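Student: So the chains spell out like this:
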Amino acid sequence: MGDSQYSFSLTTFSPSGKLVQIEHALTAVGSGQTSLGIKASNGVVIATEKKLPSILVDEASVQKIQTLTPNIGVVYSGMGPDSRVLVRKSRKQAEQYYRLYKEPIPVTQLVRETATVMQEFTQSGGVRPFGVSLLVAGYDDKGPQLYQVDPSGSYFSWKASAMGKNVSNAKTFLEKRYTEEMELDDAVHTAILTLKEGFEGQISGKNIEIGMIGNDRIFKVLSPSEVEDYLQEAE
Amino acid sequence: MRRKALAFDHFLHLNVGKCSNFGSGVIFEYNGSALVAMVGKNCFAIASDRRLGVQLQTIATDFQKIYRIHHTLFIGLAGLATDTQTLYQRLVFRHKLYHLREERDMKPETFASLVSAVLYEKRFGPYFCQPVIAGLGDDDKPFICTMDSIGAKELAKDFVVAGTASESLYGACESMFKPDMEAEELFETISQALISSVDRDCLSGWGGHVYLVTPTEVTERILKGRMD
Numbered sequence: 001m002g003d004s005q006y007s008f009s010l011t012t013f014s015p016s017g018k019l020v021q022i023e024h025a026l027t028a029v030g031s032g033q034t035s036l037g038i039k040a041s042n043g044v045v046i047a048t049e050k051k052l053p054s055i056l057v058d059e060a061s062v063q064k065i066q067t068l069t070p071n072i073g074v075v076y077s078g079m080g081p082d083s084r085v086l087v088r089k090s091r092k093q094a095e096q097y098y099r100l101y102k103e104p105i106p107v108t109q110l111v112r113e114t115a116t117v118m119q120e121f122t123q124s125g126g127v128r129p130f131g132v133s134l135l136v137a138g139y140d141d142k143g144p145q146l147y148q149v150d151p152s153g154s155y156f157s158w159k160a161s162a163m164g165k166n167v168s169n170a171k172t173f174l175e176k177r178y179t180e181e182m183e184l185d186d187a188v189h190t191a192i193l194t195l196k197e198g199f200e201g202q203i204s205g206k207n208i209e210i211g212m213i214g215n216d217r218i219f220k221v222l223s224p225s226e227v228e229d230y231l232q233e234a235e
Numbered sequence: 001m002r003r004k005a006l007a008f009d010h011f012l013h014l015n016v017g018k019c020s021n022f023g024s025g026v027i028f029e030y031n032g033s034a035l036v037a038m039v040g041k042n043c044f045a046i047a048s049d050r051r052l053g054v055q056l057q058t059i060a061t062d063f064q065k066i067y068r069i070h071h072t073l074f075i076g077l078a079g080l081a082t083d084t085q086t087l088y089q090r091l092v093f094r095h096k097l098y099h100l101r102e103e104r105d106m107k108p109e110t111f112a113s114l115v116s117a118v119l120y121e122k123r124f125g126p127y128f129c130q131p132v133i134a135g136l137g138d139d140d141k142p143f144i145c146t147m148d149s150i151g152a153k154e155l156a157k158d159f160v161v162a163g164t165a166s167e168s169l170y171g172a173c174e175s176m177f178k179p180d181m182e183a184e185e186l187f188e189t190i191s192q193a194l195i196s197s198v199d200r201d202c203l204s205g206w207g208g209h210v211y212l213v214t215p216t217e218v219t220e221r222i223l224k225g226r227m228d
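Going down the list, the protein sequences come from chains A and B.
Under UniProt numbering, the first residue of the first sequence is numbered 1, with each subsequent residue one higher.
Under UniProt numbering, the first residue of the second sequence is numbered 1, with each subsequent residue one higher.
Don't take every hint at face value.
[Said to hold, decoys possible] Listed below are the simulated DSSO-like cross-link pairs for lysine-lysine, each with C-alpha atoms no more than 27 Å apart in a straight line:
#, chain 1, residue 1, chain 2, residue 2
1, B, Lys122, A, Lys102
2, B, Lys107, B, Lys178
3, B, Lys122, A, Lys92
4, A, Lys220, A, Lys92
5, B, Lys96, A, Lys89
6, B, Lys224, A, Lys102
7, B, Lys157, A, Lys102
8, A, Lys50, A, Lys220
9, A, Lys196, A, Lys165
10, A, Lys102, B, Lys141
11, B, Lys41, B, Lys178
12, A, Lys196, A, Lys176
13, A, Lys220, A, Lys206
14, B, Lys141, A, Lys142
15, A, Lys142, B, Lys178
16, A, Lys142, B, Lys224
17, B, Lys107, A, Lys102
18, A, Lys196, A, Lys50
19, A, Lys92, B, Lys107
20, B, Lys96, B, Lys107
21, B, Lys96, A, Lys92
22, A, Lys92, B, Lys153
23, A, Lys102, B, Lys153
24, A, Lys89, A, Lys51
25, B, Lys178, A, Lys102
Treat the hints as calculated values from the structure; they're not laboratory data.
None of the values given here were measured: they were computed from a predicted structure.
Throw the hints in and build the complete structure from the sequences for me.
Tutor: In structure tokens, the structure reads:
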């Protein structure tokens, strides 16, 4: 299909045993806006910076945190358009599972299927890896769960994690602040403080996004005014 | 209401067009079977006859029609024997993969949805089977259901029946069933219903096979009835 020069896989091994395209994809992720997630004892929170290229952009139209199923949400760091493709595929897979089993898909299964898609794009002809890492937050019968999925297709379960520009500072901050007994509201405050650490400019309800899921198992993205309330509490 | 799902099967394979030797509904009567499942108090029982025939000739008197999916989930399959065996193999395959991927057993309701989907895949060239599914769900609540050969589910709170002896089974169960029976009484009831119904059906019989399932144990018993 297409020009024969490009019909081999772009992700071919280098002599050092690396897949250079995946390394480059991770670099693309690392220069994306910071996002993070924290798993509390009774829920999960994910958050991201929402820096828009100009003040003229209508920030209400931009939503980085998306719902995959009523009880699973996702945030990304990296290339927005790539994340939209993955969100679309994941939603379809979740619905196919439901159609077959009449049961909501467990978080681990959805993460695995999404990771499989990402891996396929590292071993097919004429395609490039996705330039995003995803943080998937969900609540199912196994309790609250937080997973990170990388462009290579590997996925990890985290108690707390960060991705994007400020990743090392954010992770150090989270390591210090994280406790196993943390509850959801504490986790939201910690998330806000972590975002504040590397934030350039004034943080507000309009330039960050927060999504959370609690015991009710309904994932929701907070509105800007709800974010403002949490911001004021965190002051 | 109860008969709705089963009535469809009688006309179903007129559309299939391949069975030139069989008239309406007769494909389901080629081998003969009787299946019944009943709900008790925190337990269930599933029972079948043991005959395998080729029309009027009896071939085997120990033919298995109830299969175990996992320790608290059983499926009984009535209808054409080759289809029941193949369908069982496919379902066990699906469940084994599910168990490996999800690291848990399937709930009975989930399994019933899977069976329905598998049957509907063959909508225009179906398996000539009628499944009876029985299992313990969340909190050990008993679950039973049946469906027609293309996957129309029929849930019931008391009992479900399938096979060539189904009409007699309906009558026997309706009169003998009581809600919330304990395990021993449930066993007696389902056994009597099965034996009396297969005695009125020439294509099923030669004894019975009863599984009684409680949260703690599974009991398998063979019944001796009229051996004809």
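Student: Does each hint hold? Answer for all of them.
Tutor: Here is what the structure says about each hint:
1. Restraint check for B/Lys122 and A/Lys102: the C-alpha separation of about 19 Å stays at or below 27 Å, so the hint holds.
2. A hinted pair counts as satisfied when its Cα atoms are at most 27 Å apart, and B/Lys107 with B/Lys178 qualifies at roughly 25 Å.
3. For a cut-off of 27 Å, the pair hint linking B/Lys122 to A/Lys92 stands: about 23 Å separates their Cα positions.
4. This hinted pair checks out: A/Lys220 and A/Lys92 have alpha carbons roughly 19 Å apart, not beyond 27 Å.
5. Restraint check for B/Lys96 and A/Lys89: satisfied, since their Cα atoms lie roughly 26 Å apart, inside the 27 Å limit.
6. Taken as a hint, the B/Lys224 and A/Lys102 pair is broken in the structure, with Cα atoms around 40 Å apart against an allowance of 27 Å.
7. At most 27 Å may separate the alpha-carbon atoms for a hinted pair to count; B/Lys157 and A/Lys102 meet this at roughly 19 Å.
8. In summary, the hint linking A/Lys50 to A/Lys220 is supported, as the alpha carbons are separated by about 17 Å, within the 27 Å threshold.
9. A threshold of 27 Å between alpha carbons decides the hint, and for A/Lys196 with A/Lys165 the separation of about 13 Å falls inside it, so the pair holds.
10. For the suggested pair A/Lys102 and B/Lys141, the alpha carbons sit about 18 Å apart, so the restraint of at most 27 Å is met.
11. Distance restraint check for B/Lys41 and B/Lys178: the Cα-Cα separation of roughly 10 Å lies within the 27 Å cut-off, and the hinted pair is therefore satisfied.
12. Simply put, A/Lys196 and A/Lys176 have alpha-carbon atoms about 15 Å apart, close enough for the 27 Å limit, and the pair holds.
13. Proposed proximity of A/Lys220 and A/Lys206 is supported: the alpha carbons are some 17 Å apart, at most 27 Å.
14. At most 27 Å may separate the alpha-carbon atoms for a hinted pair to count; B/Lys141 and A/Lys142 meet this at roughly 20 Å.
15. Note on A/Lys142 and B/Lys178: the hinted pairing is violated, with a Cα-Cα distance of about 37 Å set against a maximum of 27 Å.
16. A C-alpha spacing of about 46 Å is found between A/Lys142 and B/Lys224, which places the hinted pair above 27 Å, so the restraint is violated.
17. Between the alpha carbons of B/Lys107 and A/Lys102 the distance comes to roughly 11 Å, so the proposed pair stays at or under 27 Å and holds.
18. Under the criterion of a C-alpha separation no larger than 27 Å, the hint pairing A/Lys196 with A/Lys50 is consistent with the structure, at around 12 Å.
19. A threshold of 27 Å between alpha carbons decides the hint, and for A/Lys92 with B/Lys107 the separation of about 23 Å falls inside it, so the pair holds.
20. With a C-alpha separation of about 13 Å, the suggested pairing of B/Lys96 with B/Lys107 holds against the 27 Å cut-off.
21. Of the supplied pair hints, the one linking B/Lys96 and A/Lys92 holds, its CA atoms being roughly 24 Å apart against a limit of 27 Å.
22. About 25 Å separates the Cα atoms of A/Lys92 and B/Lys153, which keeps this hinted pair within 27 Å; it holds.
23. Using a Cα cut-off of 27 Å, the hinted pair A/Lys102 and B/Lys153 holds, with the two alpha carbons roughly 13 Å apart.
24. For the given pair, A/Lys89 sits about 26 Å from A/Lys51 by alpha-carbon distance, which is consistent with the 27 Å threshold.
25. Proposed proximity of B/Lys178 and A/Lys102 is contradicted: the alpha carbons are some 30 Å apart, above 27 Å.
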